[in-house]
Amino acid sequence: MLLHHYHFVPDETLFDSAAFRAELETGRSPVVLFKQALREIQANLDARFRAGADIRDLVHGRAWCLDRLLECAWARHDWPDNGIALLAVGGYGRGELHPHSDIDLMMLLELDDDTPYREPLTAFITFLWDIGLEIGQSVRSLADCEREARGDVTVITNLLETRTLAGPEQLRTAMRERLSTQHMWPSDRFFEAKWQEQIARHYKHNNSEYHLEPNIKSSPGGLRDIQMIGWVAKRHFGPMRYEDVVAQGFMNDAELRILSQGQAFLWQVRYALHMTTGRAEDRLLFDHQRTIADMFGYRDTPERLGVEQFMKRYYRHVTALAGLNDMLLQHFDEVILRADEELETRPLNARFETKGGYIQARDRRVFTRRPAALLELFLLMAQHPEIEGVRADTIRLIRDHRHQIDDAFREDLRHQSLFMELLRSGGNVPRQLRRMNRYGVLGKYLPEFGQAVGLMQHDLFHIYTVDAHTLRLLKLIQHFREPAGRESFPVAATLVHQLPKLELLWIAGLYHDIGKGRGGDHSLLGAQDVAAFCERHGLTPRDTRLVTWLVEHHLLMSMTAQKRDISDPDVIREFAAQVRDEVHLDYLYVLTVADITATNPSLWNGWRASLLRQLHGETKRALRRGLENPIDRDDWINETRAEALALLRTVGADIEHVERLWDTFGDDYFMQYSPSEIVWQTQGILAHGGSELPLVLVSAPAEDTSEGGTKVFIHTRSVEDLFAASAAAMDQLDLSIHDARIATSSNDWTLNTFIVLDDNDEPIREPARLDRIRQHLVEELDDPDDYPQIVSRHTPRQLKHFRVPTQVTIEQDPANERTVLELIAPDRPGLLARVGRIFVEQDIALSAAKIATLGERVEDVFFITDKRGAPITDPDQQARLRDRLCDVLDV
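Mind the numbering: the sequence shown is residues 1 to 891 in this note's numbering, read in order.
It should be emphasised that the hints constitute simulated quantities derived from the structure, not laboratory data.
One or more hints might be untrue.
[What the hints assert, rightly or not] Mimicking BS3-like on lysine-lysine, the simulated pairs with C-alpha atoms at most 30 Å apart in a straight line are:
#, residue 1, residue 2
1, Lys867, Lys711
2, Lys204, Lys234
3, Lys444, Lys475
4, Lys475, Lys217
5, Lys204, Lys475
6, Lys620, Lys563
7, Lys475, Lys355
8, Lys312, Lys444
9, Lys475, Lys563
10, Lys475, Lys501
11, Lys355, Lys234
12, Lys501, Lys444
13, Lys355, Lys501
14, Lys444, Lys563
15, Lys312, Lys217
16, Lys620, Lys475
17, Lys234, Lys217
18, Lys312, Lys204
19, Lys563, Lys867
20, Lys312, Lys475
21, Lys444, Lys355
22, Lys711, Lys563
23, Lys217, Lys204
24, Lys35, Lys217
The model shown is predicted, which means the values in this text are computed figures rather than measured ones.
Using the sequences and the hints, build the whole thing.
This is how it looks when you write it as structure tokens:
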């Protein structure tokens, strides 16, 4: 590309064109000779790639070789006159070809009448296809080029990059004259059209360079962003050497170096993708990431997988390229295209002012004279929310002076005070932290954060790098503070306004995952880092203890809600003892909700929301009672029964019948359900009468709440396979089970409740579908011998590329006289049904289950006993159960 300080030197060892022409004269089949030449060229290039040759030599070298072959092919056909030329266009026009890139050609005619050229053109194109070239071709006259380019920015863009391969060069010169800015697409119009094109392209990729499976060409920070800079420069300045473009002030040498290094890396990845897949592939899919990481020499270490090291390098390059693309295009717009516009200038202080709503330095030496201004600028933007952004020249100054942020800078009390003032500003702090990260300031000021930039985990659960996840978490907390956040996150939106010091939450959010990638427990490592930050920045011991506790225990609430039985008062009491007070609880709740949602948007659903809300509410009740005065199990049961009876009386229920029914349920039933759930189930059972058909009740969450899941209650004769059969039947309905409470009455009737969501993790509310669920379950469960078929759907492509060995952990729960089995296994359709069958085989009774799907794996917790209701304590039985689960689920 013209912007790169690189000059390709033709290499005859790649392709000896003179020898090839001589061989063509021998009379051998031209098709065979051309095919052989193409194979030898590619094999030579691939060998050089594996040997570590300069990628630029390979990409330009393949284009040079194809130039020579196409010249030979063109010369084999009889052209009636000099009114036609063969041009390379697009990427090939830039002299760039990867192993399977399209070879874009244009046959340029001087006149509109193509009649004299039809026969040789048909023969030429057919010949290219016969020898196996993947070409994209067009036939245009000079007038065609002018007409089509005038109405389509993609055409003018393609024609900006052309080379004459054969035929008269004056035809291309004439075309360039017709397409010049004097006749069409002046710089400002061209730039605006390309900018809108880039905005639309970035939107398709969620405006993020952080994709689990990025497109190295089209994603933000990809090759297309580099090409965008080149197109804009070419259209404005015309063809020129890279030194001239730098001299024009469009970019400087440091920026050119970032572009060149970034392009070289992406070219290496693209070449490897084409070579690995045997096709023109630009998606860096999981299928290929490990292969390419290994090809590039990345090896697993105790701290990081080789593929994670490779992807970190990828993300760092594309992040730098995306930021540079933003800055250069903004610079082009402000300084070149809009230089003559009159923009209002308003001073902010002695160092900064706004111009046209954007902040800029009043003196180009401001960061040299006062390094603290590198932080002051972001504080001013937080204090003045009307400021839309930073002027491009000032962004460049920040990038050029951020090296001043060293140990001495970080230890300076003035700088520490400025950073804390930013966190306490009350403005949109996350927006400023994102800008600091974009311009490379945040990772300089907090080196521990800088280490996490581009750091990814190779799984389907963590879909963002650590730095992107962290900044998303902070953005979500800011969302909780705004009116729009109250609808989706009502509890968090209420609590965030009650927190005594919001800056403590910003700090905890910044540091909660900062220990990842260093080996060891990232929560403990992060706690050590944040304690040092707090001490360095003068926080009180009390505030330091709170922030350190939040970082160390940031997973506590989500793990308790998802893996423990939060209907058990002992679990609530234990959690409350760890939390200690309502202030810790509220901070932790807000941090937890933001963390879950920022890890993977699909994780946050109504069911998880209801679990966290319940845990928060029950813990707050326990703390207000006092940890020294915990609620007694008998009190809990009696209160639940009394409240449910009162509700049943209001609807005219026969209380005597209710009491007789409840006498068969057992006390644990009243621990597991709320009074309203008990009323719903009791009314359903009494109305069902003595029917032997299964009773299935289905209830959706209230329309006015987004929280919770669809409840399915099954009351039928107890049979061994019932849980497995129910799970299989729900799989057939494309329902995912997220919670199961299994109970059996004293007269051997089940009281099983499932919380289910659809395949979009949403509760089912449509009456017709609720009725279909009920009917299907009744039909499938009415005959215990007619077991529903376990579904065997196609496993999604992404899941196939992750090996998740099944892990089984078995622990005891003495307080509830049961055993807790935690299962980590690869996700697949029908998994719960298979687990249920294994329980039956092993004489295991299930009392409850907590189901969590985390990307490519499940982390499920089952509360089990033996058939007599006793815990599973026999080591041999535990070993048999563990081995059987691993044998079945590791297949």
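* Within a Cα-Cα threshold of 30 Å, do Lys217 and Lys204 meet the stated pairing? -> holds (13 Å)
* Is it true that the CA of Lys312 sits at most 30 Å from the CA of Lys217? -> holds (17 Å)
* Is the hinted pair Lys355 and Lys234 satisfied, with a Cα-Cα distance of at most 30 Å? -> It holds: about 28 Å lies between the C-alpha atoms, which stays within 30 Å.
* Asked: Quick one, are Lys312 and Lys444 close enough, alpha carbons at most 30 Å?
  -> holds (18 Å)
* To do: Take the C-alpha atoms of Lys475 and Lys501, compute the straight-line distance between them, and say whether it is at most 30 Å.
  => holds (17 Å)
* **Holds or violated: Lys355 to Lys501, with C-alpha atoms at most 30 Å apart** => violated (34 Å)
* CA of Lys620 to CA of Lys475, is that 30 Å or under? -> With Cα atoms ~27 Å apart, Lys620 and Lys475 stay inside 30 Å; holds.
* 30 Å limit on alpha-carbon distance, applied to hinted pair Lys234 and Lys217 -> holds (20 Å)
* Satisfaction of hint between Lys563 and Lys444, Cα-Cα up to 30 Å -> violated (38 Å)
* To do: Given the hint that Lys35 pairs with Lys217, test it: the Cα-Cα distance must not exceed 30 Å.
  => OK: Lys35 and Lys217 at ~29 Å, within 30 Å.
* Asked: Within 30 Å, alpha carbon to alpha carbon, are Lys563 and Lys867?
  -> holds (23 Å)
* CA of Lys444 to CA of Lys475, is that 30 Å or under? -> It holds: about 21 Å lies between the C-alpha atoms, which stays within 30 Å.
In summary, the structure is inconsistent with hints 13, 14 from the numbered list given earlier, while agreeing with the others.
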